[in-house]
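Using the sequences and the accompanying hints, generate a full structural model.
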Amino acid sequence: RSPQVLAEKRNLGGKDGPPHLVAVVPLHGAAAVPDALRLLQSQDGAAVRSSDGGAAGFVLLCPRLKQRWRFVVAQAGDLHAVLDLAKVADSLLFLLDPVEGWDSVGERCLSCLFAQGLPSFALAVPGGTDLPPKKRLDAKKKLAKAVEKRFPEAKLFPLNAEPESSLLLRHLAAQRQRRGAFRARRAHLLAYAAHFVPGHESPLLGTLKVSGFVRGQALSVNSLVHIVGHGDFQMSQVEAPPDPLSLNPRVVKGQKRSQDMDIQDDSLNGADEMEEDVKVLMKADASKQESLQSEVVPDPMEGEQTWPTDEELKEAEASLKANRKVVKVPKGTSKYQAAWIVDEEEDAEEDEEEEEDDDMDDMMEEAASQEEEGSEEEEELAEEECETMTVSECVRDEHYDEKMEEDEEQMLERYKQERMDEMFPDEVDTPRDVPARVRFQKYRGLKSFRTSPWDPKENLPRDYARIFQFQDFSRTRKHIFRQIEKEEAEGASVGWYVTLHVCNVPVSVMESFRDGRPLVLFTLLPHEQKMSVLNFLVRRHPSNNEPVKAKEELIFHCGFRRFRASPLFSQHTSADKHKLERFLRPDAALVVTVYAPITFPPASVLLFKQRSNATGSLLAVDPDRIVIKRLVLSGHPFKIFTKTAVVRYMFFNREDVMWFKPVELRTKWGRRGHIKEPLGTHGHMKCHFDGQLKSQDTVLKRVFPKWTYDPYVPEPVPWVRDETVPLAQDVELD
Numbered sequence: 001r002s003p004q005v006l007a008e009k010r011n012l013g014g015k016d017g018p019p020h021l022v023a024v025v026p027l028h029g030a031a032a033v034p035d036a037l038r039l040l041q042s043q044d045g046a047a048v049r050s051s052d053g054g055a056a057g058f059v060l061l062c063p064r065l066k067q068r069w070r071f072v073v074a075q076a077g078d079l080h081a082v083l084d085l086a087k088v089a090d091s092l093l094f095l096l097d098p099v100e101g102w103d104s105v106g107e108r109c110l111s112c113l114f115a116q117g118l119p120s121f122a123l124a125v126p127g128g129t130d131l132p133p134k135k136r137l138d139a140k141k142k143l144a145k146a147v148e149k150r151f152p153e154a155k156l157f158p159l160n161a162e163p164e165s166s167l168l169l170r171h172l173a174a175q176r177q178r179r180g181a182f183r184a185r186r187a188h189l190l191a192y193a194a195h196f197v198p199g200h201e202s203p204l205l206g207t208l209k210v211s212g213f214v215r216g217q218a219l220s221v222n223s224l225v226h227i228v229g230h231g232d233f234q235m236s237q238v239e240a241p242p243d244p245l246s247l248n249p250r251v252v253k254g255q256k257r258s259q260d261m262d263i264q265d266d267s268l269n270g271a272d273e274m275e276e277d278v279k280v281l282m283k284a285d286a287s288k289q290e291s292l293q294s295e296v297v298p299d300p301m302e303g304e305q306t307w308p309t310d311e312e313l314k315e316a317e318a319s320l321k322a323n324r325k326v327v328k329v330p331k332g333t334s335k336y337q338a339a340w341i342v343d344e345e346e347d348a349e350e351d352e353e354e355e356e357d358d359d360m361d362d363m364m365e366e367a368a369s370q371e372e373e374g375s376e377e378e379e380e381l382a383e384e385e386c387e388t389m390t391v392s393e394c395v396r397d398e399h400y401d402e403k404m405e406e407d408e409e410q411m412l413e414r415y416k417q418e419r420m421d422e423m424f425p426d427e428v429d430t431p432r433d434v435p436a437r438v439r440f441q442k443y444r445g446l447k448s449f450r451t452s453p454w455d456p457k458e459n460l461p462r463d464y465a466r467i468f469q470f471q472d473f474s475r476t477r478k479h480i481f482r483q484i485e486k487e488e489a490e491g492a493s494v495g496w497y498v499t500l501h502v503c504n505v506p507v508s509v510m511e512s513f514r515d516g517r518p519l520v521l522f523t524l525l526p527h528e529q530k531m532s533v534l535n536f537l538v539r540r541h542p543s544n545n546e547p548v549k550a551k552e553e554l555i556f557h558c559g560f561r562r563f564r565a566s567p568l569f570s571q572h573t574s575a576d577k578h579k580l581e582r583f584l585r586p587d588a589a590l591v592v593t594v595y596a597p598i599t600f601p602p603a604s605v606l607l608f609k610q611r612s613n614a615t616g617s618l619l620a621v622d623p624d625r626i627v628i629k630r631l632v633l634s635g636h637p638f639k640i641f642t643k644t645a646v647v648r649y650m651f652f653n654r655e656d657v658m659w660f661k662p663v664e665l666r667t668k669w670g671r672r673g674h675i676k677e678p679l680g681t682h683g684h685m686k687c688h689f690d691g692q693l694k695s696q697d698t699v700l701k702r703v704f705p706k707w708t709y710d711p712y713v714p715e716p717v718p719w720v721r722d723e724t725v726p727l728a729q730d731v732e733l734d
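Residue numbers are given in full-length UniProt numbering: position 467 of the sequence shown equals residue 467, and the series is strictly consecutive.
Worth flagging that the hints you see were computed from the coordinates, not collected in a lab.
It cannot be assumed that every hint is accurate.
Label pairs and their computed distance ranges (CB to CB) [as the list claims (entries may be wrong)]:
| # | residue 1 | residue 2 | range |
| --- | --- | --- | --- |
| 1 | PRO461 | PRO203 | 34 to 40 Å |
| 2 | PRO453 | TYR712 | 40 to 46 Å |
| 3 | LYS457 | ASP587 | 29 to 35 Å |
These numbers come from a predicted model, not from an experiment.
Think of the CB as a built atom: it goes at the ideal place given N, C-alpha and C, for glycine as much as any other residue.
Below is the structure:
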């Protein structure tokens with residue numbers, strides 16, 4: 001072990017370091033939480049302080065062991081609170097039921113914690129002494145098997161007497177610390193006390209004075225601070241009040257007075273008393289302070305184009321002559337249409353390049369065989385996918401049937417859409433009331449999805465003028481991390497008890513703290529307040545069976561951030577173009593694309609949509625990633641003459657046939673061809689192929705995410721354990 005790691009471990013919980021922060025998470029509704037907390041507090045010679053503000057818990061000071069602890073109790077049903085505490089906690093203490101271990105809510109909580117990254121933890125089993133000896137032994141063996149499967153090499157600690165609680169505390173203090181990489185490089189703290197001072201202009205905005213112990217890195221007043229679930233803010237100053245959790249309370253006379261204060265300090269007397277004993281460590285320097293600017297202010301004249309010079313026109317003409325080729329084409333064919341017609345020699349060469357498309361053709365062949373089952377499969381699907389739910393008789397909602405019927409219809413419609421997308425990927429019906437050339441005017445035909453060029457800077461939306469982009473994201477990330485390792489940051493050192501003056505904070509942050517929610521703050525690295533396009537590699541949890549459609553609003557836990565956004569889904573490939581997926585598929589890892597603040601990986605990612613969830617990690621910050629939406633227009637052969645066929649039902653008027661004439665045709669069996677001429681006025685067309693066929697036309701366009709980023713995530717209603725109504729027993733959050 002390096003000297004730095006040893007020093008961090010020795011300082012943790014000691015007089016020179018922050019208190020050992022332990023998040024207590026009960027994994028079962030019947031876990032004896034009060035008994036466990038009472039045993040932890042009954043240490044010989046230890047002083048216990050209550051924690052009235054923020055998350056429930058207490059502080060344990062052990063002068064004999066020269067250790068100090070802060071225990072914070074989290075409810076397993078409140079997933080956001082548990083995940084926020086796990087971001088900053090040194091250890092997690094899981095409380096199990098002696099018979100069942102954990103219930104469905106605890107299983108969901110564990111899945112989320114494993115996906116986010118589990119810090120150091122311990123397993124305690126309070127209670128069980130009232131069971132008969134034989135049943136107690138059987139329950140212990142059964143629980144040990146379940147724990148061994150879920151937590152390999154983990155040890156169970158019984159918690160029924162004071163010596164057992166002392167042994168558990170020694171284990172927590174001595175075990176190896178595991179921390180997430182995103183918090184090791186950033187200063188962070190869990191609020192111990194908070195006080196809100198309303199502003200002069202509006203009582204809804206003001207200065208939030210947050211007190212706590214600095215962890216991770218030294219904290220600078222000029223850096224930005226992120227309040228989890230609420231957004232980014234600036235600091236005006238950092239103060240050093242007396243340590244309320246000192247192991248030696250006789251250091252300062254005024255310190256005892258501050259310890260006797262109410263932790264949730266809302267009184268003016270308490271605020272004045274705090275100000276008497278504080279010392280200002282540093283004040284923000286306007287010339288060095290990080291800006292809160294998260295978006296680029298676009299210049300409307302920046303996109304103006306000038307007329308090309310004579311030299312540029314000559315260069316373009318010479319380039320066209322160099323790339324010009326002679327191809328035999330039908331009479332009346334334009335130059336643009338001729339560019340899509342391929343010679344037989346070139347056609348043979350590109351057959352080898354298109355081998356990767358065979359997988360898609362096989363999928364379409366399989367879908368064609370499934371099409372014959374038709375409506376019978378849809379009826380079976382409706383019966384199989386519906387769940388039965390036991391509803392308590394105490395429900396007296398007159399509109400219950402209407403609500404349930406509406407929700408079930410929407411869910412059934414989503415199931416059908418997801419099923420159709422699996423059976424016939426990207427296929428759409430050509431509209432009859434709107435010309436196809438108008439309906440698909442934003443799409444283009446690609447000769448090859450894999451090899452055809454597509455400029456990533458072409459036809460960008462207006463929102464792209466608001467984001468920041470790196471010339472080399474990987475190089476910038478390495479440079480920032482190297483600076484953190486080599487340079488010593490100026491500011492409050494790790495372990496100091498400080499008060500941060502955070503500016504222009506909404507009063508809702510203080511209200512959340514008063515309601516018992518944990519208040520977690522992280523400092524930002526350079527550029528992390530700026531908006532860009534983030535790509536996450538995620539995988540849907542295998543036990544989740546509800547469809548998740550693209551562009552639906554989801555809740556993201558990305559590293560230390562929590563925000564809402566409506567993402568796009570695309571395939572994860574090594575190519576330069578990536579096909580859009582309309583649903584989050586259960587059988588493959590997909591890339592999720594959103595507008596969000598820059599975050600330097602590694603960082604875990606969790607996606608929540610009520611009960612539909614996915615997990616993954618941050619892939620890259622890359623606005624140039626091309627996500628392509630593909631549409632397949634299908635036609636049916638009407639008459640077949642060897643390599644020529646008459647195709648109908650792809651278009652319904654002559655003008656659409658002429659519009660799409662340059663686009664190459666491809667069949668489900670791998671045949672390729674082109675449109676020779678339209679027949680009549682009802683959309684029939686004569687096509688030439690290299691074999692007998694069923695035709696299929698492909699047009700594509702690039703898609704971009706919607707600007708739906710919202711840093712404020714409202715606190716959800718916690719999951720409720722109910723014996724009458726089992727809530728999502730078959731669903732596992734991850």
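Checked hints:
1. Against the hinted window of 34 to 40 Å, the Cβ-Cβ separation of PRO461 and PRO203 comes to about 38 Å, which satisfies the hint.
2. Restraint check, PRO453 to TYR712: a C-beta distance of roughly 41 Å satisfies the suggested window 40 to 46 Å.
3. Between LYS457 and ASP587, the C-beta spacing of about 34 Å keeps the proposed range 29 to 35 Å intact.
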